[in-house]
Amino acid sequence: MSVTICTDPFNPYEVLQAYEASHLRGLGTIGATSLFIGTMRDFNEGDIVKGMTLEYYPGMTEKQLDKILIEAQNQWAVIDSLVVHRVGDIFPKEPIVLVAVWTYHRGDAFDASRFIMEALKSKAPFWKKERLLNEQERWVAKNSNGYQSS
Amino acid sequence: MSIKVRYFASLKENIGRSEDELILTGPLTVYGVWHQANPDKDKPNQVLAAVNMDYVDWNSPVSDGDEVAFFPPVTGG
Chain A
82 MSVTICTDPF NPYEVLQAYE ASHLRGLGTI GATSLFIGTM RDFNEGDIVK GMTLEYYPGM
142 TEKQLDKILI EAQNQWAVID SLVVHRVGDI FPKEPIVLVA VWTYHRGDAF DASRFIMEAL
202 KSKAPFWKKE RLLNEQERWV AKNSNGYQSS
Chain B
42 MSIKVRYFAS LKENIGRSED ELILTGPLTV YGVWHQANPD KDKPNQVLAA VNMDYVDWNS
102 PVSDGDEVAF FPPVTGG
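Residue numbers (the working numbering), protein chains in the order written: chain A, 82 to 231; chain B, 42 to 118.
What the hints contain is simulated information worked out from the structure, not anything from laboratory work. Hints are supplied without guarantee of correctness; some may be wrong.
Claimed, not checked - Distance condition first, Cα-Cα at most 27 Å in a straight line; then the derived DSS-like pairs of lysine-lysine:
id: 1; chain 1: B; residue 1: 84; chain 2: A; residue 2: 223
id: 2; chain 1: B; residue 1: 82; chain 2: A; residue 2: 174
id: 3; chain 1: A; residue 1: 174; chain 2: A; residue 2: 131
id: 4; chain 1: A; residue 1: 204; chain 2: A; residue 2: 223
id: 5; chain 1: A; residue 1: 210; chain 2: A; residue 2: 131
id: 6; chain 1: B; residue 1: 53; chain 2: A; residue 2: 204
id: 7; chain 1: B; residue 1: 82; chain 2: A; residue 2: 131
id: 8; chain 1: B; residue 1: 53; chain 2: A; residue 2: 131
id: 9; chain 1: A; residue 1: 131; chain 2: B; residue 2: 84
id: 10; chain 1: B; residue 1: 53; chain 2: A; residue 2: 210
id: 11; chain 1: B; residue 1: 84; chain 2: B; residue 2: 53
id: 12; chain 1: B; residue 1: 53; chain 2: A; residue 2: 223
id: 13; chain 1: B; residue 1: 45; chain 2: B; residue 2: 84
What the hints assert, rightly or not - The following residues of chain B were derived to be distant from chain A, with all beta-carbon distances above 10 Å:
id: 14; residue: 42
id: 15; residue: 45
id: 16; residue: 57
id: 17; residue: 63
id: 18; residue: 66
id: 19; residue: 72
id: 20; residue: 73
id: 21; residue: 78
id: 22; residue: 85
id: 23; residue: 99
id: 24; residue: 100
id: 25; residue: 102
Backbone N, C-alpha and C fix where the C-beta goes; we use that ideal spot for every residue, glycine too.
Next up, chain A with everything else stripped away, as it sits in the complex (with noise of 0.2 Å):
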């Protein structure tokens, strides 16, 4: 399990390879590997974005994400869980968030991951401000109500 808060761009795949090298390597169990990656749009509520500061609040940030973690663990049958999230400075098309859950069965794997991205939208200490074309700043409004399970 792992929670990374990075101020500089990362390439999600090859953090991906990194971790799986040095936490997974001969791992026959693994099934499913889910991932959900998060990159920045350059358009929102119909402007143009050209770039935006995410804040976060560090030490509550990722005890909530280690949290969340831990609570798709004891929800489904996940053999190991990842986050990585951007804060500072970010432009269009930069990866913001990844999470990768590895499970036995792919049912497992979707809904975990699922439920890590809700969850984290909703209760991991986060603010979006977007910039404008015009310059003008604004901050993002919530944008999940959380994991719905159908």
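Given the coordinates of chain A, assemble chain B onto it according to the supplied hints.
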């Protein structure tokens, strides 16, 4: 009794401060902390509260040395 109060994101901008150090003379709830730190401001709608980096109800008590944080709904991911 001393506690640290922290503010984040749009709330920090609205208040104009990122933190306060409060000296408390008796038992206080999170709601009481808000009022002591911001006597001229009603509790804003939708503001969330945390004590020692865990979400809490505004009626929760605070203790000496606690870190209390107030912030708007989160928007990561």
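Margin query: Check the structure against each numbered hint from earlier and tell me which ones fail, lowest number first.
Written below: 2, 7, 9
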